[in-house]
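Trainee: Protein chains in written order, with this note's numbering: chain A, 1 to 802; chain B, 1 to 152.
Heads up, some of the hints might be wrong.
Okay, derived cross-link-like pairs now, EDC-like style, lysine to aspartate or glutamate, Cα gap no bigger than 20 Å in a straight line [said to hold, decoys possible]:
| # | chain 1 | residue 1 | chain 2 | residue 2 |
| --- | --- | --- | --- | --- |
| 1 | A | Lys28 | B | Glu28 |
| 2 | A | Lys440 | A | Glu421 |
| 3 | A | Lys201 | A | Asp188 |
| 4 | A | Lys45 | B | Glu75 |
| 5 | A | Lys28 | B | Asp81 |
| 6 | A | Lys45 | B | Glu28 |
| 7 | A | Lys583 | A | Glu593 |
| 8 | A | Lys324 | A | Glu297 |
| 9 | A | Lys28 | B | Glu75 |
Covered stretches of chain A (chain B as the covering partner; in silico rule of three or more C-beta atoms under 8 Å from a C-beta of chain B) [claimed, not checked]:
| # | segment |
| --- | --- |
| 10 | 213-225 |
| 11 | 562-568 |
| 12 | 728-740 |
Calculated from the structure, these hints are not laboratory results. Source: prediction; values computed, not measured. Here a beta-carbon is modelled for each residue, glycine too, at the ideal position from N, C-alpha and C.
Below are the chains, spelled out letter by letter.
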Amino acid sequence: MTVIDDMEASTESIAAGNGVLGQRMLRKEDPALLTGEAVFTNDMKVPGALHLAVLRSPYAHAKILSVDVSGALAMPGVLHAYSGADLADSWAAPMPCAWPVTDDMKNPAHYPLAVSKATYVGDGVACVLATSDAAARDAIEAIDVEYEPLPAVIDLEDALSDNVVIHDELGTNASYTWPLVIEETEGDCQKAMDESAYVVKERYVQQRLIPMAMEPRAVVAMPQPFGGDMTLYSSTQVPHILKVMTALTLGIPEQQMRVVCPAVGGGFGSKLNVYAEELLCVQLAQTLKVPVRWNEERGENTQATIHGRAQIQDIELAADEQGKITGMRVRLIGDMGAYLQLVTPGVPLLGAFLYGGVYEIPKAFDFSCTSVFTTMTPTDAYRGAGRPEATYAIEHAMDALARKMDIDPLELRRRNFIPKEAFPYEAYTGLTYDSGDHDKAATVAENILGYADLRAKQAAQNTPDAKKRLGIGVSTYFEMCGLAPSRVLASLNYSAGGWESATVRVLPTSKIQVVTGTAPHGQGHETAWSMIAADKFGVDPADVDVLHSDTAIAPLGLDTYGSRSLPVGGVAIGMACDKVIEKARKIAAHQMEANEEDLEFAGGMFTVKGSPDKEMPLAAIAFEAFTAHDLPDDLEPNLEVQVTYDPPNFSWPFGTHMCVVEIDVETGETDVLEYVAVDDCGNKVNPLIVDGQVHGGVVQGLAQALYEEAAYDSDGNLQSSSLAEYLVPAASDVPSITTGESITPSPTNPLGVKGVGEAGTIGAAPCIMNAVVDALSGLGVQDIQMPASPLKVWTAIQEAQA
Amino acid sequence: MDVTVTINGQEHTYDVEPRTLLVHYIREHAGLTGTNIGCDTSSCGACSIHLEGEAVKSCTLLAAQADGLEVRTIEGMAAEDGTLHPMQQAFMENHGLQCGYCTPGMVMAATSLLDENANPTEEEVRIGLEGNLCRCTGYHNIVKSVLAAANA
């Protein structure tokens, strides 16, 4: 475990007007969160609210023969109880899946409560409304459900065999097959496999993970006193998407729906969804004309909130004598779980374009993903969504190739790096990587870690009888984020666009409001967006107020996921500021009787070139714009501009991670001694926040590598349904993290920024697992599947030595 | 049953069900929602408070067990004029929080840790906080915050 590094990375600032950007500004969000003043959804005091509790199936797969709610209705405090059948006519449409990846994708109708069949443990089958949460939870125990249990379907290959079909109406468990074959001439991939000097063929299992945001979900649906309007408070990442989808699913006119997110305690993709409990609360509140609320217990969260990853990856990598990649074949099986949630089927597609990593890949690429239903909790986007899986596969396979060639894994990577001069680089997929400098990122990491010295130390320490073996891990990555150009999303069959909206207004007193369509839940948007506006206007960030996460205040937006908030939403804010300044310039020119072209704007002041005595502060212009007493003839009053920005490209963050692990061969325990992350996300608005995102991301990736797994038994019971069983690492389980600096601005947007929310996670799992295998390969261990628990590591050592 | 608890210097008495957990007493009866609930197995520490000056997970106790005792919650940490407690200040200055949900519990556990060991090593901080889970920060800046508070 290394000592916390107090040396801060240098704050290379964005070349910008007023010097705010690039500063390690402390967060505006913190005082309320640190003092308990912040209000999370479950903190809301709502007089008269009824509490919803949901009875969940204890069977992974069972026919529902009958539901008797009379016992619940007899319990104290209970006002209503419903079976799935009771509410079957309440829904205007099934719950939404917004990503029908193929025209023939199979998608079973999914309703907030199951009616005839439960298809995973945790599937809602009935519900109760009572005067307190405790009364409601007590009462669901009194509901009598008669089930006819059916066989669980847990294994993905077994699911594909259709021995047991989960959704009878589909006739199969396969949801879709999505191929991506990129060849100059048909058969190029096979030719590479047949003719290349080296081929490695590997199978990796991306275990199921539970996102486990610290705040479980919570919902309050509040009918408004007059006119039939409905306000939905929810712990969600996606208030705007939720508003549209709630309106569609419940048949409520969209203009009558308002969605508000109070403080949201983390998401990581798990709150990028439209959930049964949100729809139940709104529907019942609407019908009964009383507020209805629900809060999720952790044991429910592990089963009723989406899971992540859950793929089997078969990868074949071909390379020439020097290790230059000549072709790649990837076959995926994706575990959709029991139903398709909001973007479930799209997750493997987000990875499909990243199997080439940071390397020059020829057009000899053959990818196909088949996704399958199982009787487990639905999967969906979890931090990185597809990209960690792809990165793991290529990076872990690169290490396998390096071992086969008996060369250093970092050297093998360098032989394949896309050179810095090649950017912007049109990849084998047809997508254009905006900017990159992989050698720099790798060199920075290599120098911080002292890579060469460590290799020497490793060689000395890892004698055949060593009790503790050192492993050094390297991973590099490119990731596509900032979802995304709307036309590209269209080509992938995604149902929404990828734009983001910003409104910037300068109030009469010169205070600035920034209205954003992003929906933060820990990322510090109030701080970072104020910095962008403050930099543009030359004011103190304290004078900028950021409004968000309420569809009545910020009606346009596409929310926060996929590391999109800064490269799309933040860029929109900068553009809106520029347009406000242009309007202010017209007013200033008019009032100072000067030409617009002769005006300069800096530090919040317009000055006239060559006339140092003539100046007009933004504050004065804001008041003039408000009174409208003396504006240019063709100019509307007020300083307010709304911008919707549709990015022309994804943003492509990249980086190199390196780590050192020590494995106790007698216990199988892995200790991560050092971790170095060099994540290049272009220009940094606030390096403090960037580092924080990297730290948290790395630990989530490390957790996949070493600790976490949503394990099911053969009957479909989740074996890790609490935080006592699911091993979210604690402070004592992880090392401190050294972040190194590499800044390669994106040429795609005027701020030169890229996303960073998922980068750490994407780089970390392969880095750790490469180190684990690196430590043990000298004992004959070929590979270990994640999580590399002490038992798995110890067993692998025993088997290799046998 | 009547349960009387002094919370942040103010005496509260409520008629509660005997099964009421202390965390529910604090949140639902006293209305102090700064103390959060993150699990149902006493694993996450989001509900950590001080009971008679020591950090405890308020979901592990019945309210009745705190009858007649003194409790301090996150709302009682800053000074009356709003000046943050040195631990809160250290978390702010070191970016020791992101979503903020684990933060109240983390601050309560960390202050208790320093009461027991005024100058902990990094490893002692990590072990001392192992009962409190955070999903955002990777703990790096939380540990840094606690070490900074120790040196403040």
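Trainee: Run every hint past the structure and note whether it holds.
Mentor: Here is what the structure says about each hint:
Taking the CA atoms of Lys28(A) and Glu28(B), the gap is near 28 Å; set against the 20 Å cutoff, the hint is violated. Between Lys440(A) and Glu421(A) the alpha-carbon distance is near 12 Å, which keeps this suggested pair within the 20 Å criterion. Proximity of Lys201(A) to Asp188(A) is assessed by CA-CA distance (about 17 Å); at most 20 Å being required, the pair is judged to hold. Our distance criterion of 20 Å between C-alpha atoms is met by Lys45(A) and Glu75(B), whose separation comes to about 17 Å.
At roughly 18 Å between alpha-carbon atoms, Lys28(A) and Asp81(B) fall within 20 Å of each other, so this suggested pair holds. Simply put, Lys45(A) and Glu28(B) have alpha-carbon atoms about 9 Å apart, close enough for the 20 Å limit, and the pair holds. With a CA separation close to 15 Å, the supplied pair Lys583(A) and Glu593(A) stays within the 20 Å bound. With a CA separation close to 51 Å, the supplied pair Lys324(A) and Glu297(A) exceeds the 20 Å bound.
Taken as a hint, the Lys28(A) and Glu75(B) pair is honoured in the structure, with Cα atoms around 18 Å apart against an allowance of 20 Å. Under a criterion of three residues with beta carbons nearer than 8 Å to beta carbons of chain B, the stated coverage of the segment 213-225 of chain A is upheld, 4 such residues being counted. Counting residues of the segment 562-568 of chain A whose CB falls under 8 Å from any CB of chain B gives 0; the rule of at least 3 is not met. Proximity of the segment 728-740 of chain A to chain B, defined as three or more residues with a beta carbon under 8 Å from a beta carbon of that chain, is established by the 8 residues found.
Checked against the numbered hints given earlier, the structure breaks hints 1, 8, 11 and satisfies all the rest.
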